[in-house]
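**Q** Given next are the chains, with one letter for each unit.
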Amino acid sequence: MLPASAAYRQAGRILFAPEVRATGRPLTPLHGGHIGLLTTAGLLNGIFGEGPDLHVARWESIKVTDRFEETDENEVTTIRERERFTQSLTLVYADGTTAILDERSSEP
Amino acid sequence: MNNAHLRMGCLRFTKVLRDTTIDITLRMDRMIAEHDADNRSAKCHLLSVIGNDQEIAAIAAAIADEARFYATGPEINRLMITIGEGAEVFRSSINVPGRRRPLRHLVAISEELSKTRAGGNPSARRTILCDDDRAFLLYRITVSACRFYLPVWSEWFGEMLDRKNAIDPLIGIGCTPVVVKGTKKRFLGWMGHALKSGAIKIPETVSLPHGRYRSRFRPGCRRRKMWRNDIHLVRPRKWAGRPRRCVDEFPTTIVDSFFPALHSRATFPNS
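Chains as they are written, first to last, in our numbering: chain A, 1496 to 1603; chain B, 99 to 369.
Just chain A, same shape as in the assembly (with noise of 0.2 Å):
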């Protein structure tokens, strides 16, 4: 009984961290928009291309954290954090390449 109990479903969102699933088959065929929302989202991530380009990708919200810090006349130091999710995309190539791709980053 007690794995089964309430407290342990919602725990084990963080112990085993379920991945989303999304399976179907959609009514119309997507757009770009549509292909962007959803890699974002990391509901496309596995493995693409073929020969040299053969390679995993998987995409991840991350949520990371702004820190502001201002200084008044008085010497008085105010620090604001403000937090907000975004989105990174690691990639692994079948030849050893790898790279993490988010906001921060300027080139793979």
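Here are some chain A residues the structure puts well away from chain B; computed CB gaps all over 12 Å:
no.	residue
1	1520
2	1527
3	1532
4	1572
Below, computed lysine-lysine pairings styled on DSS-like, alpha-carbon distance capped at 30 Å:
no.	chain 1	residue 1	chain 2	residue 2
5	B	141	B	213
6	A	1558	B	282
7	A	1558	B	279
8	B	262	B	299
9	B	141	B	113
10	B	262	B	213
11	B	213	B	282
12	B	262	B	282
13	B	213	B	279
14	B	283	A	1558
15	B	262	B	283
16	A	1558	B	213
17	B	294	B	283
18	A	1558	B	141
19	B	294	B	262
Because the hints were derived from the structure by calculation, they are not lab data. Note that the structure is a prediction, hence the values are computed from the model and not measured. A virtual CB, placed ideally from N, CA and C, is assigned to each residue, including glycine.
Fit chain B to the given chain A structure using the hints.
**A** Showing chain B alone in chain A's frame:
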């Protein structure tokens, strides 16, 4: 699986007030703890206790108050634990046939463990995991560190963790917890080198399995091969004379209710 009194631990909470003393001892089915630097106390990462209304309410209040507890278990002597600041607490009720009131169940997770969820702390230098199975290690690291889950890489990844001394066992009751040391970039570097040297390959035909690896604890406490042979434990008396069937032939409801992880393991693609 052992009987409950052999595999469960106890959690004791004592608080002396001006005119009374609170002394509560609860049964604890899971715990993950890690020794502090002074080796006298331990930082608790996961706590799962059962009790009545008042006991669970007292424990929840004590966790919010960052109080100290004493834990004992099958392989653990008296250990002072604290779950620390920012713990997440989940509570539920369990209806037990024959009991007038339901049991209360509390699961508390430390802040560090709660940040192992996907995208929680991408720059984390270590990850606490509740199981030491190699496929589970790779799956959880991929989720917490934004990596790829290819089951064929599980053995290689487990060997790398051992070779690089990047995995340490933790104190556990009802599970076999480990801490994996390493950052996102470190694991990615391992993968790049292994792909260059040919130790691992990206399969061309297999798509990434979306992780339904395991969503519950294994029913056993310790490393134990119990999957197929222990199914006779759930055979009702009326099946006594019938030939034994394999796991997949048993009704799903029976397998799920008694051994939840068994069914998920049986359907896992590469187990």
